[in-house]
Amino acid sequence: MSEFKITRRGLLKSSAAAGVALAAPTIFSSKAFAAGYLNEPTGKTVTFGFNVPQTGAYADEGADELRAYQLAVEHINGEGDGGMLNTFSSKALKGNGVNGKKVVYVTGDTQTKSDAARASAKRMIEKDGAIMITGGSSSGVAIAVQGLCQDAGVIFMAGLTHSNDTTGKDKRANGFRHFFNTEMTGAALAPVLKKNFGSDRVAYHLTADYTWGWSQEGSIKKYTEELGWKTAAAVRTPLGAGDFSQYITPVLNSGADVLVLNHYGRDMVNSLTQAVQFGLRDKQVNGKDFAIVVPLYSRLMAQGAGENVKGIFGSTNWHWSLQDEGSQAFVKSFGKKYGFPPSQAAHTTYCQAILYADACQRAGTFRPSGVGKALEGFKFDGLGNGPTEYRAEDHQCFKDVLVVKGKENPTSKFDVLEVVEVTPRAQVEYPASLLGGELGPYNDGK
Amino acid sequence: MHPTSITKKDLLLFAVFTAAVLAGPIILKPIGAGYPDLLQKFAIYGIFALGFNILFGLTGYLSFGHAAFLGVGSYTAVWTFKLLSMNPVPAIIFATLMGGLFSALIGYVSLRRSGIYFSILTLAFAQMCYNMAYSVLTPITNGETGLQLAQSDPRALDVAFGRDYGAVLPSSDLFGLEMTGYPGFYFCAVMLIICFYITLRIFRSPFGMMLRAVKSNQNRLNYTGVNTRPYALTAFIISGMFAGLAGGLLAVTDPLAGAERMQWTASGEVVLMTILGGAGTLLGPVIGAGAIKYFENIFSAFNKGILNNIFDFLPDFLQQVAVSVSSMFVGEGWHLTLGALFMVIVIFLPGGLMEGVSRISNLLSRRRSDGGSGGTPHPEPAE
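Line by line, the protein sequences are chains A and B. When the letters of the first sequence are read in order and numbered with numbering that gives the first Met the number 0, they come out as residues 0 to 445. When the letters of the second sequence are read in order and numbered with numbering that gives the first Met the number 0, they come out as residues 0 to 382.
Any given hint could be a false lead.
As the list claims (entries may be wrong) - Result set (BS3-like, lysine-lysine): computed pairs, CA atoms no more than 25 Å apart in a straight line: (1) A:K404 to A:K90; (2) A:K126 to B:K28; (3) A:K101 to A:K43; (4) B:K28 to A:K43; (5) A:K168 to A:K90; (6) B:K28 to A:K168; (7) A:K100 to A:K90; (8) A:K193 to A:K282; (9) A:K412 to A:K336.
As the list claims (entries may be wrong) - Label pairs and their computed distance ranges (CB to CB): (10) A:G35 to B:T264: 55 to 61 Å; (11) A:K287 to B:P138: 35 to 41 Å; (12) A:S88 to B:P314: 43 to 49 Å; (13) A:S244 to B:V343: 37 to 43 Å; (14) A:D281 to B:G338: 43 to 49 Å; (15) B:I26 to A:G35: 26 to 32 Å; (16) A:G77 to B:L156: 51 to 57 Å; (17) A:G439 to B:P229: 50 to 56 Å.
Bear in mind the hints are in silico, worked out from the structure with no lab data behind them. Glycine included, every Cβ here is placed at the ideal spot set by N, Cα and C.
Between the sequences and the hints, there should be enough to build the whole structure, so can you do that?
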């Protein structure tokens with residue numbers, strides 16, 4: 000037995016020594032020590048990382064985001080018709096890539112799960128050398144990936160994320176958001192709701208149970224209760240529930256006359272369809288017609304819900320039927336490549352890719368702190384939302400908000416929403432301190 | 000057939016395993032897996048599968064709820080970070096203990112039944128844990144968003160030792176060595192090697208023999224007056240602790256815990272890993288875990304552009320065909336590839352990848368000994 004023990008000790012010793020010897024070269028040769036900042040592009044190309052949901056409740060949005068990213072890369076590299084680069088107020092990008100480097104990209108599937116999203120973002124940063132991560136169609140994922148990018152030291156350009164927390168409580172210096180948030184939705188939607196439904200309504204909330212749902216429920220409650228509405232109940236539903244009938248039945252007996260669906264993607268399609276099938280919209284409660292509100296709308300969802308969206312109010316970041324030059328150029332270029340109009344998810348991600356590339360070009364570097372400084376307080380126009388500003392205090396874009404309604408007489412299967420009101424930026428702006436959180440310092444990676 | 004003490008061969012296997020794990024970054028570089036995050040996943044899920052194999056491979060009890068212990072471990076580790084210290088050592092100790100505690104509770108109830116009833120019970124318990132993490136326990140788990148660190152966390156031990164992280168969000172570090180990138184991998188790798196050694200000892204112990212006896216004929220044991228339940232429960236708790244440790248390590252390398260780690264698909268994943276690699280073998284589960292994580296991370300990342308490059312050598316129309324056919328199996332279709340591979344393995348190599356390895360080595364040794372006695376059988380138990 001003693002012989003065995005000696006062997007084991009010797010074995011452990013030698014294996015430990017072997018481990019150190021093997022580890023040493025990898026540690027010293029690791030990229031992090033060689034460059035001035037993480038993933039500094041040294042060749043002829045620069046790599047963007049597109050992290051979108053390809054499976055799960057938000058897969059439709061993710062697919063559209065990826066199409067938009069591919070289009071944006073084409074335009075930045077000078078292929079295709081240039082899209083919104085022609086209408087963009089900044090003329091730094093010349094259609095020859097960014098800082099003289101051609102843009103290439105890698106993709107990943109977030110699966111609409113924080114874990115999977117972080118794993119695929121890490122892969123793109125550590126293995127593929129991505130200089131920037133962008134995408135996502137869920138606030139939970141966006142916040143998780145934003146935290147990761149901050150820790151790793153790359154810029155995160157948030158995709159479709161609507162929760163206040165992304166640029167509020169959980170904001171990070173390396174993270175930037177073009178999309179609007181629930182605070183703006185509440186401020187824009189409330190006056191329209193008052194005009195159409197009056198000021199003595201009782202609302203019942205069904206809320207997707209994660210950061211975005213909570214945020215939206217809070218904002219809608221805040222603004223509708225200011226109008227004089229009451230809130231009967233706010234019920235949390237799991238993300239991707241599929242069947243909402245058990246949540247809809249109690250609505251009928253709650254005394255509420257408005258149902259607020261804080262759902263998005265396929266959840267919204269399912270919950271709205273089921274609410275309509277239960278005959279909620281034909282009911283009379285408290286002597287008033289029962290109404291349904293979907294605070295965050297997108298064309299993809301409206302299309303999925305079909306007939307059921309007619310006359311239902313909500314807000315959106317952008318809609319393809321807008322008549323300004325930028326929107327027209329984007330719809331034309333996207334339509335030519337894919338054969339149908341882009342969604343708001345596609346629009347915001349396209350803008351984010353262009354805005355990032357433009358900021359790198361203006362800063363003359365890909366260093367996160369340099370790029371961040373170029374984005375802070377950046378004022379621009381021509382990207383479909385009118386004059387827009389990237390506010391320096393919280394890295395949130397401020398622009399006009401669209402209040403939309405499901406169209407009563409759609410002319411095509413894409414023509415499902417009509418713009419009811421364009422709420423000006425001044426009406427939806429709030430002080431950065433309202434939502435709390437700390438940006439902290441930029442991280443350029445070690 | 001099954002030795003109950005460590006043999007020279009086992010030591011050799013252990014030495015090779017240790018060297019291979021530590022040299023992972025170099026060995027795996029050529030297949031595109033030599034980057035820290037995936038290496039960490041290999042090591043962590045290797046531990047998870049090793050633990051699962053102690054239960055499933057030895058006793059034959061098929062648990063469909065092991066992800067619950069993984070999730071519990073993650074939540075415990077993140078809470079340890081928040082309340083005590085960013086040092087990974089207390090985090091993984093508490094994660095392991097919590098995994099053990101939960102598995103003791105769930106195992107005590109579930110092991111009253113065997114076979115399919117046991118599987119369904121564990122599945123039910125895991126699903127309960129998942130749903131509770133998602134709904135009523137939201138104050139503890141932060142629901143769908145996942146439990147994350149905040150600058151304002153108390154971190155009592157760190158404060159007591161005067162450690163201040165300043166304005167940035169802290170990340171876990173072992174006495175100053177940050178647990179991200181390669182240091183994080185080596186931390187997980189050392190854990191994996193320790194766990195592998197423990198598993199080796201269990202496989203070669205009288206206790207391991209008893210577990211195998213439970214698998215081959217539990218009734219006979221009962222008739223001879225042996226109470227098998229304590230053995231099975233011990234195996235269940237050990238595997239639960241391995242899962243808790245793996246969950247804790249997931250949080251160490253990336254301080255975030257989400258409920259989706261407890262979902263039944265995650266429980267199914269570890270079953271796949273073990274069967275793919277070879278249930279009841281020592282190395283199999285680790286290899287299975289590596290294979291599945293490799294597919295998940297590398298195959299899901301292939302897009303049309305990469306495929307076009309691969310098939311660039313073909314004429315244009317052939318390239319298009321090849322790309323459109325193969326794109327069904329990569330990117331979002333990686334599950335399809337995994338499913339096909341799994342079917343092939345289960346049909347042709349019921350003993351998993353390890354059976355393939357031993358068949359090849361048998362073939363080689365037979366050839367070497369010139370068709371003699373058929374060579375020495377592989378040291379792994381075949382079940």
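Original post:
Hint by hint, which ones does the structure fall short of?
Top reply: Hints 1, 5, 6 and 10 are the ones this structure does not satisfy, whereas the remaining hints hold.
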